[in-house]
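Trainee: Sequence:
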Amino acid sequence: MSGAHLSSSVDASQRSSGRYQAWVVGLLSLNFGILFFDRNALNFLMPYVQPDLHLSNTQVGMFSSALSLTWALSGLAVGRISDKLGSRKPVVVVATIAFCLCSFASGLASSFFMLLGARLLMGAAEGGVMPVSHSMIVSEVAPERRGMAMGVAQNLGSNLLGSGLAPLLLVPVAAAYGWREGFYLAAAPGLITAVLIWFTLREPPAEVHDAAQPKVPLSEAFRHRNVVLCAVISVLLVSYLVVCWAFMPLYLTKVRGFAPETMGWLMATLGLSAGLGSFVVPAISDAIGRRPVMIGFAFLGVILPLGGLYYTGSTWLLAAIFFFGWGLNGLFPMFMATIPSESVDPRLTATLTGVVMGTGEVLGGVLSPFLAGALADVYGLSAALWLMLALCILAGICALGLVESAPRVVARRELAPA
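Counting in our numbering, the sequence shown runs from 16 upward without gaps.
Among the clues, some could well be false.
Said to hold, decoys possible - Simulated restraints, written as ranges between beta carbons of each label pair:
{"no.": "1", "residue 1": "A157", "residue 2": "W280", "range": "33 to 39 Å"}
{"no.": "2", "residue 1": "V109", "residue 2": "G33", "range": "25 to 31 Å"}
{"no.": "3", "residue 1": "T330", "residue 2": "H239", "range": "43 to 49 Å"}
Said to hold, decoys possible - Keeping only pairs whose Cα atoms sit at most 25 Å apart, straight-line, the calculated DMTMM-like set for lysine to aspartate or glutamate is:
{"no.": "4", "residue 1": "K104", "residue 2": "E218"}
{"no.": "5", "residue 1": "K269", "residue 2": "E419"}
{"no.": "6", "residue 1": "K269", "residue 2": "D392"}
It should be emphasised that the hints constitute simulated quantities derived from the structure, not laboratory data. The beta-carbon is built from N, C-alpha and C at its ideal position, and this holds for glycine as well.
Make the full structure from the sequences, and use the hints.
Mentor: What follows is the structure, encoded as structure tokens:
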């Protein structure tokens with residue numbers, strides 16, 4: 016290979032079987048889904064938590080901000096440490112056990128500050144899981160299936176469980192037994208996946224590099240336009256997601272007047288959308304390219320806040336608007352991992368995923384819920400939905416500047432006659 020590239024990311028003889036590749040992706044997706052079940056539990060339980068703990072909208076936003084802050088710092092640190100040590104599986108297992116304990120601690124909170132502390136610890140436990148999981152997938156899964164594999168790992172479980180099952184399960188539990196029991200329920204399943212990861216997954220093989228190639232500094236990666244744009248898009252769309260999770264349940268119950276149970280299944284529609292989009296959207300991008308998919312689905316996100324604000328017809332049609340608008344969730348593994356890893360040296364995969372995800376969580380996940388909460392206290396809960404509208408429009412504009420990186424599309428263009 017030329018001096019500008021690695022001789023190989025992982026030697027073909029070390030590449031695992033197709034069945035094992037599917038197991039790696041499936042188990043890591045399930046684990047991240049349980050993680051998101053824990054992360055999102057507070058959002059769906061908030062109509063019960065807010066009056067019980069006498070919380071303002073600003074305080075509601077601060078819970079999301081706090082978790083996003085420590086999530087981001089953890090992702091930045093853990094991804095870099097994992098790359099340097101070459102150890103991945105133990106990191107995922109320890110983090111999984113830790114976030115289960117933090118979910119249990121959330122149920123014990125009796126004040127704003129106790130719950131805030133539990134959310135800070137949960138973010139620290141969860142932040143490193145996905146960057147390291149993506150690094151394992153890059154090492155184990157064939158490049159031609161990498162986009163879909165990363166999409167499934169990051170989005171399928173997290174949305175089917177964290178956004179789909181969570182409101183359907185937690186809202187009835189809170190209504191029948193109390194919101195604390197909802198957190199206790201969320202804490203248990205991660206212990207099972209931690210055991211499965213430890214006993215059924217191997218430590219991924221070391222990447223094979225050309226010994227003559229020098230180490231690639233992180234600063235070199237940020238000279239590529241795609242990495243910078245992906246970091247900006249991460250800020251915008253992470254903001255879109257956390258604002259929706261934090262304030263849409265309150266908007267639907269307090270402003271639109273929906274019953275908590277109706278709110279629960281409307282929010283579950285988002286999980287079904289993202290679960291389907293987790294493999295459909297990246298698979299489309301594998302075939303037609305990352306750039307057009309990033310542009311199209313980012314702009315599609317405008318219909319969700321507009322539907323929440325203005326659509327007053329059938330609840331089923333509102334659910335359909337939510338379903339299609341939330342399709343932009345399928346973009347997350349692309350701008351957080353796939354596009355950066357395809358644009359620069361693959362040895363930086365875990366680090367870059369942590370940096371892009373961390374940038375989104377710090378600047379988007381931390382600041383936007385606090386801003387949305389403050390705006391909601393002054394102008395009403397609809398201000399949060401207007402903020403979502405602006406965020407996805409800006410993300411679509413940024414996506415216009417991306418350089419195509421899908422291997423199949425790039426190869427097709429190189430083979431095309433001039």
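Trainee: Each hint should be assessed against the structure and marked as holding or not.
Mentor: Comparing the hints with the structure gives:
1. Under the hint 33 to 39 Å, the C-beta atoms of A157 and W280, about 38 Å apart, fit the expected range.
2. The hint said 25 to 31 Å for the Cβ distance between V109 and G33, and at roughly 29 Å that hint holds.
3. Checked against the hint of 43 to 49 Å, the pair T330 and H239 passes, with Cβ atoms roughly 45 Å apart.
4. For a cut-off of 25 Å, the pair hint linking K104 to E218 stands: about 6 Å separates their Cα positions.
5. A threshold of 25 Å between alpha carbons decides the hint, and for K269 with E419 the separation of about 43 Å lies outside it, so the pair is violated.
6. Using a Cα cut-off of 25 Å, the hinted pair K269 and D392 holds, with the two alpha carbons roughly 13 Å apart.
Comparing the model with each numbered hint stated earlier shows that hint 5 is the single one that does not hold.
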